[in-house]
Amino acid sequence: MTQYVLMVLGSDGSSENGGYESPEQQQAQWDATGRFNDKLREQGRFVYANGLGAASASTVVDGRGAEPIVTDGPFLESKEYVIGLWIIEADDLDQALALAAEGSFACQRKVEVRPAHGAG
Amino acid sequence: MSGDVEAALVRAHHREWARVVASLTRRFGDLGLAEEMAAEAFAVAVERWPADGVPPNPGGWITTTANRRAIDRLRREAHRDAKHQEAFMLADDTPPEPAGPVADDRLRLLFTCCHPALAMETRVALTLRIVGGLTVAEIARAFLVPETTMAQRLTRAKAKIKAADIPYRVPAAEDLPRRVAGVLAVLYLIFNEGYLATGENVPPVRRELTGEAIRLTRLVGELLSHDGEVIGMLALMLLTEARASARVAAFGELVRLGEQDRGAWNRAMIDEGISLVDQRVAAVGRGEGRPGRYQLMAAIAAVHTSAPNVQDTDWSQVVALYDQLAAIDASPIVALNRAIAIAEVDSPQVGLAVVDRLAGALDGYHAFHATRAELLQRLGRPDEARAAYRRALALTGNAAERATLTRRRNELGG
Numbered sequence: 001m002t003q004y005v006l007m008v009l010g011s012d013g014s015s016e017n018g019g020y021e022s023p024e025q026q027q028a029q030w031d032a033t034g035r036f037n038d039k040l041r042e043q044g045r046f047v048y049a050n051g052l053g054a055a056s057a058s059t060v061v062d063g064r065g066a067e068p069i070v071t072d073g074p075f076l077e078s079k080e081y082v083i084g085l086w087i088i089e090a091d092d093l094d095q096a097l098a099l100a101a102e103g104s105f106a107c108q109r110k111v112e113v114r115p116a117h118g119a120g
Numbered sequence: 001m002s003g004d005v006e007a008a009l010v011r012a013h014h015r016e017w018a019r020v021v022a023s024l025t026r027r028f029g030d031l032g033l034a035e036e037m038a039a040e041a042f043a044v045a046v047e048r049w050p051a052d053g054v055p056p057n058p059g060g061w062i063t064t065t066a067n068r069r070a071i072d073r074l075r076r077e078a079h080r081d082a083k084h085q086e087a088f089m090l091a092d093d094t095p096p097e098p099a100g101p102v103a104d105d106r107l108r109l110l111f112t113c114c115h116p117a118l119a120m121e122t123r124v125a126l127t128l129r130i131v132g133g134l135t136v137a138e139i140a141r142a143f144l145v146p147e148t149t150m151a152q153r154l155t156r157a158k159a160k161i162k163a164a165d166i167p168y169r170v171p172a173a174e175d176l177p178r179r180v181a182g183v184l185a186v187l188y189l190i191f192n193e194g195y196l197a198t199g200e201n202v203p204p205v206r207r208e209l210t211g212e213a214i215r216l217t218r219l220v221g222e223l224l225s226h227d228g229e230v231i232g233m234l235a236l237m238l239l240t241e242a243r244a245s246a247r248v249a250a251f252g253e254l255v256r257l258g259e260q261d262r263g264a265w266n267r268a269m270i271d272e273g274i275s276l277v278d279q280r281v282a283a284v285g286r287g288e289g290r291p292g293r294y295q296l297m298a299a300i301a302a303v304h305t306s307a308p309n310v311q312d313t314d315w316s317q318v319v320a321l322y323d324q325l326a327a328i329d330a331s332p333i334v335a336l337n338r339a340i341a342i343a344e345v346d347s348p349q350v351g352l353a354v355v356d357r358l359a360g361a362l363d364g365y366h367a368f369h370a371t372r373a374e375l376l377q378r379l380g381r382p383d384e385a386r387a388a389y390r391r392a393l394a395l396t397g398n399a400a401e402r403a404t405l406t407r408r409r410n411e412l413g414g
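Protein chains in written order, with our numbering: chain A, 1 to 120; chain B, 1 to 414.
No wet-lab data here; the hints were simulated from the structure.
Every residue gets a Cβ at the ideal spot worked out from N, C-alpha and C, and that includes glycine.
Errors might be hidden in some of the hints.
[Said to hold, decoys possible] Short, incomplete list of chain B residues facing chain A, as computed with Cβ under 8 Å:
1) ALA117
2) MET120
3) ALA159
4) ALA163
5) ALA164
6) ASP165
7) PRO167
Just need the whole structure built from these sequences, with the hints factored in.
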């Protein structure tokens with residue numbers, strides 16, 4: 001069993017209707033995502049899931065030196081950001097990819113799959 | 001080293017490499033370790049067999065040696081690392097290899113190396129190294145990259161397999177067709193890299209790659225003998241490779257199908273390829289599925305290679321097969337090849353009209369301009385033909401193809 005982080009990619013979440021075409025679509029995708037989360041919980045694969053606030057609300061802290069340096073904004077300027085994430089337990093990458101495909105379909109966003117270090 | 005021992009080593013390497021890596025991967029759960037220990041075991045064989053003689057069961061000898069080396073390695077590491085100690089303490093609880101071809105460990109190895117989570121060029125390199133047993137230097141040479149670059153690519157790939165937990169198993173039934181198609185795409189890429197090599201100072205046909213692709217496809221064919229597309233791919237490669245020596249003239253030009261010396265074709269390969277195609281045609285006739293793209297391409301190659309000379313080619317059969325192929329593969333390259341056959345069945349005018357409709361999709365493809373050039377030449381339009389040859393020449397990277405196009409353009413005079 002490995003933990004995988006499924007990072008949801010999209011344009012900055014501060015846009016209208018969460019970046020979806022209409023409030024109806026936004027609602028539909030939220031509902032579908034909620035059902036997917038329920039399924040993960042039932043299967044005992046759910047560790048954590050949430051959407052993220054807007055990238056513009058992001059702050060970078062560099063605490064490596066004597067005094068922490070605080071910088072406004074996301075670390076990298078980009079057209080697409082991580083706008084949400086799941087952490088799941090999966091047997092192997094094939095299963096993680098299959099679940100990521102379901103999650104991606106539910107929220108209608110691309111998803112990057114990355115293993116977390118060490119067994120979950 | 002005597003010739004016999006050397007031949008035995010080569011044979012053992014061809015037959016046993018993938019089997020040894022596969023069984024060690026299953027036992028120790030570590031592809032990188034399996035690969036390294038298999039390589040060491042063969043190195044030991046190179047040292048010992050000339051003195052001690054070839055063992056009665058070379059494959060068993062290699063496997064045992066590789067296993068011992070792996071255990072030695074883990075034992076050494078266990079002294080350093082308690083976690084490995086734990087792993088080492090585990091008994092070998094791997095069940096004996098289950099009977100039946102699909103359960104063969106080498107098949108798992110192949111699916112791991114051709115996993116869609118790896119970049120295509122990585123899949124190709126891994127398959128050649130892990131399943132094919134080519135050295136890193138050989139693969140680097142084949143793909144014209146420095147050896148260190150290739151070594152890094154392979155190391156990164158193995159690290160990803162481990163970190164992301166890419167599974168070592170045959171995919172579930174519902175994923176199998178898609179994944180087999182992925183494996184075939186890798187094998188076909190290896191074959192084509194050998195068959196139409198690109199780059200400066202590269203021989204136009206590299207038999208070490210086409211030969212390796214055929215060897216690997218044979219292996220897949222043994223492991224998945226029920227899969228019509230695998231058989232189709234093997235037939236396609238054989239029917240293509242059979243013509244390889246007739247395809248390049250002594251002066252390094254590519255010789256087109258119609259002008260090739262058919263006596264120089266490899267008869268044994270053609271017979272095998274055609275009998276595989278016949279086998280698939282019979283299976284499809286019995287209602288065992290519809291032919292996929294590789295089976296159709298093999299059937300087209302079979303029509304070409306069965307004709308004693310180019311005039312006897314059954315072009316209407318070729319068009320009919322391309323119609324079927326176009327129905328499942330909307331690629332403009334399929335449409336281009338279909339147009340060439342139409343030019344033979346109908347007329348160069350009709351062929352050219354079909355070709356011209358593909359201009360939008362294929363303007364950057366050398367074969368599109370070469371085909372246009374040829375049809376324009378046959379229609380007595382030399383100025384347009386010359387311009388088309390110029391475009392084709394500007395777009396091709398294959399040395400032999402350049403030579404051919406240049407000659408044909410010069411034949412136009414002017």
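(message) For a quick check of understanding: which of the numbered hints are violated here, in increasing order?
(response) Those not satisfied are hints 2, 3.
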